[in-house]
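**Q** Listed below, chain by chain, are the residues.
2 protein chains.
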Amino acid sequence: MKIVIDAFGGDNAPNEVIKAVRKAKDELQVDIILCGDEKKIKNTAKELSINIDDIEIIHAPEVFDVHEQPTKILKEGKNTSLAVGLQALKEGKGDAFVSAGSSGGLIVGASTCVGRIRGIKRPSMSAMLPTISGRRIMLTDAGANAQCRPEMLLQFAVMGSAYMKCVKGIENPRVGLLNIGAEETKGRELELETYQLLKNAPLNFAGNAEAREVPTGNFDVIVSDGFSGNIVLKLYEGMGSMFKKKLKGWFSGFFGKLSAVLVMKEIKEFQQLMDYKTEGGGIILGVAKPVIKAHGSSDKKAFFHAIRQAKLCVEGNMIVEITRTMEELKGD
Amino acid sequence: MKIVIDAFGGDNAPNEVIKAVRKAKDELQVDIILCGDEKKIKNTAKELSINIDDIEIIHAPEVFDVHEQPTKILKEGKNTSLAVGLQALKEGKGDAFVSAGSSGGLIVGASTCVGRIRGIKRPSMSAMLPTISGRRIMLTDAGANAQCRPEMLLQFAVMGSAYMKCVKGIENPRVGLLNIGAEETKGRELELETYQLLKNAPLNFAGNAEAREVPTGNFDVIVSDGFSGNIVLKLYEGMGSMFKKKLKGWFSGFFGKLSAVLVMKEIKEFQQLMDYKTEGGGIILGVAKPVIKAHGSSDKKAFFHAIRQAKLCVEGNMIVEITRTMEELKGD
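So the protein sequences, as listed, match chains D and R. Numbering of the first sequence is given in the working numbering, commencing with residue 664 and proceeding in unit increments. Numbering of the second sequence is given in the working numbering, commencing with residue 664 and proceeding in unit increments.
Think of the hints as simulated: they come from the structure by calculation, not from any bench. Be aware that one or more of the hints could be misleading.
A pair counts as met if it fits within one copy or between any two copies, since identical chains are not told apart.
Using 16 angstroms as the maximum straight-line C-alpha spacing, the simulated EDC-like pairs for lysine to aspartate or glutamate come out as follows [said to hold, decoys possible]: (1) 907 / 876; (2) 920 / 873; (3) 940 / 728; (4) 911 / 929; (5) 741 / 758; (6) 831 / 852; (7) 931 / 873; (8) 928 / 852; (9) 907 / 929; (10) 908 / 876; (11) 665 / 731; (12) 686 / 728; (13) 963 / 689; (14) 682 / 876; (15) 756 / 690; (16) 665 / 728; (17) 735 / 978; (18) 753 / 852; (19) 931 / 900; (20) 688 / 728; (21) 920 / 962.
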């Protein structure tokens with residue numbers, strides 16, 4: 664298996680990417696293609712005293728700026744490490760792609776250059792959320808498609824379900840539709856119509872999921888449009904950071920520190936639960952090959968786990984599962 | 664000032680309502696009209712050894728069921744304590760109304776029976792959210808209007824701003840539009856158009872508010888449609904309950920309890936911050952008189968604070984302020 668990597672995506676590129684790539688090559692039994700300025704990659708590896716002789720490099724002289732208009736990836740940006748990497752994926756040089764660069768550029772580039780799975784209208788950008796159950800669950804669109812139609816949400820559900828099955832090993836993922844009430848009659852036209860589509864789809868549809876149920880882990884897949892999903896994701900971040908600040912305040916000073924020592928194990932477990940770095944990144948679902956969006960601020964650890972996630976998507980035959988369910992839907 | 668109260672709304676009615684009403688009459692210098700089955704009210708007061716001789720009762724033989732279709736409040740439900748209370752408000756027998764009963768029934772009833780402020784298209788159901796700053800902020804619609812038009816969001820902003828000014832004493836409330844990015848070009852058509860309306864309105868509009876900023880307290884008013892707002896409110900509840908469970912787990916057992924003792928003051932402060940009972944209830948904004956929706960599970964304390972909130976709306980001349988700004992908008 665060969666994973667194509669954007670060496671110049673994210674705040675800590677290329678240093679942390681190169682560190683992560685070395686670790687992945689050594690521990691995950693995958694081959695790697697690094698895309699980016701060859702000279703810079705080699706110099707950085709040398710500075711870091713990391714041997715990359717066994718890692719292929721495809722030269723790409725430019726970097727796609729994170730503030731650039733996403734559609735520019737198609738023409739003006741075609742010599743960037745992001746575009747060159749996606750092109751390599753398209754040409755079959757690798758089996759999956761990982762980048763910590765521009766989300767928009769990645770979605771537009773992957774969708775247009777690599778292409779979509781047959782029948783998929785729009786790829787989604789999915790995110791994994793921690794829950795109190797200890798398991799992580801999938802939010803189908805965390806911001807790629809602000810405005811959706813019911814058939815798009817149905818496809819997100821199919822793709823999310825396939826990911827949870829193939830990558831997380833959940834036999835029959837429980838799918839919930841993000842909504843403002845449990846009853847079938849709740850929500851906007853979008854939810855009312857989507858509910859009917861989901862009910863009749865070859866999925867384990869468990870009904871509407873109110874936002875308060877997201878952190879419980881009662882559902883494996885939360886189906887959302889990109890607007891509502893983005894609100895969930897960012898409020899998760901915001902609330903998490905609010906509680907972190909509170910905890911930090913409590914456990915400072917003499918008595919606070921003493922108190923913290925007494926519950927250290929529990930606090931560490933909780934921090935681990937909330938740590939996005941061990942999960943991987945966002946998943947661009949609907950593209951013909953696995954594409955992972957690592958967090959923009961990824962360090963070695965986070966980027967390594969994004970590579971691991973890409974490997975699991977390939978190994979688990981996620982694309983085959985999505986394609987199969989899409990065929991099944993079409994046959995209905 | 665006279666506050667009209669639905670004696671039979673909520674899970675703990677009429678007992679907790681009667682207790683709260685006694686406390687309000689004694690401590691808030693307000694007169695009270697209780698609506699509901701007169702015999703039951705008097706018997707309950709007797710059982711509780713609470714003197715209600717100085718409290719007016721308007722007899723209403725029925726109770727509006729919380730699972731009932733909201734529109735039924737207008738005909739089939741017109742003899743319920745909820746409808747009779749709203750009718751008393753309309754007829755000028757009181758200055759504000761408080762109920763812990765059906766949200767839907769309250770919104771439909773208030774909007775139709777009491778009537779809307781001139782120019783207001785749809786009343787909103789606003790909620791107050793705790794923030795790390797210690798202050799509470801307003802979410803303009805927590806679920807009443809799942810589908811909104813831009814001019815509705817503009818009106819929500821005007822009403823939310825008036826509440827924060829008149830009731831919470833904030834001179835120039837910072838208004839933020841709930842959105843998926845900070846830039847003016849982010850969001851759906853709804854947000855794009857609303858942004859332009861807010862920019863030109865007589866409000867302290869501070870731009871888009873991403874969901875992660877909600878718990879920081881950087882904004883006083885978060886303008887949202889009822890769908891997105893409901894997601895924010897319920898995820899707040901869900902995340903809060905997740906952290907509460909975690910804390911409970913940490914601070915149990917010998918070392919945990921010892922640890923808790925050391926940070927008791929801080930934990931108590933935090934619990935107080937998150938306690939909805941001291942804030943009051945949701946506010947039905949846009950109706951011609953102040954209407955407060957107390958939490959369905961309100962106890963004496965929560966219901967008392969809802970009455971207090973109603974009093975503050977009247978004292979602060981909130982309706983006058985909304986009417987004034989609506990006139991100003993019309994004059995543009």
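**Q** Within a copy, between copies, both or neither: where do residue 753 and residue 852 come within 16 angstroms Cα-Cα?
**A** neither (37 angstroms within a copy, 34 angstroms between copies)
**Q** With identical chains treated as interchangeable, where does the CA-CA distance between residue 665 and residue 728 reach 16 angstroms or less: within a copy, between copies, both, or neither?
**A** neither (26 angstroms within a copy, 62 angstroms between copies)
**Q** Could you figure out if residue 735 and residue 978 sit no more than 16 angstroms apart (CA to CA) within one copy, between two copies, both or neither?
**A** neither (32 angstroms within a copy, 56 angstroms between copies)
**Q** My question is about residue 741 and residue 758: at a cut-off of 16 angstroms on alpha-carbon distance, are they close within one copy, between copies, both, or neither?
**A** neither (20 angstroms within a copy, 67 angstroms between copies)
**Q** Between copies, within a copy, both or neither: which fits residue 831 and residue 852 at Cα up to 16 angstroms?
**A** For residue 831 and residue 852, the Cα distance exceeds 16 angstroms both inside one copy (32 angstroms) and across copies (36 angstroms).
**Q** Reference check for the pair residue 665 and residue 731, CA-CA at most 16 angstroms: within, between, both, or neither?
**A** neither (29 angstroms within a copy, 59 angstroms between copies)
**Q** With identical chains, the pair residue 940 and residue 728 could be close in the same copy or across copies; at 16 angstroms between alpha carbons, which is it: within, between, both, or neither?
**A** Neither: 23 angstroms inside a copy, 48 angstroms across copies.
**Q** At most 16 angstroms between CA atoms: does that hold for residue 928 and residue 852 within a copy, between copies, both, or neither?
**A** neither (47 angstroms within a copy, 48 angstroms between copies)
**Q** How do residue 931 and residue 900 come out at 16 angstroms by Cα distance, when the copy is not named: within, between, both, or neither?
**A** neither (18 angstroms within a copy, 24 angstroms between copies)
**Q** Please sort residue 907 with residue 929 into within, between, both or neither, judging by C-alpha distance up to 16 angstroms.
**A** Both, since 14 angstroms and 14 angstroms are each at most 16 angstroms.
**Q** Pop the pair residue 688 and residue 728 into one bin, within, between, both or neither, using alpha-carbon distances up to 16 angstroms.
**A** Intra 27 angstroms, inter 64 angstroms, cutoff 16 angstroms: neither.
**Q** Treating 16 angstroms as the Cα threshold, decide for residue 911 and residue 929: within, between, both or neither.
**A** Cα proximity of residue 911 and residue 929: in one copy and across copies (14 angstroms, 11 angstroms).
Hint compliance for this structure: hints 2, 3, 5, 6, 7, 8, 11, 12, 14, 15, 16, 17, 18, 19, 20, 21 are broken, all remaining hints hold.
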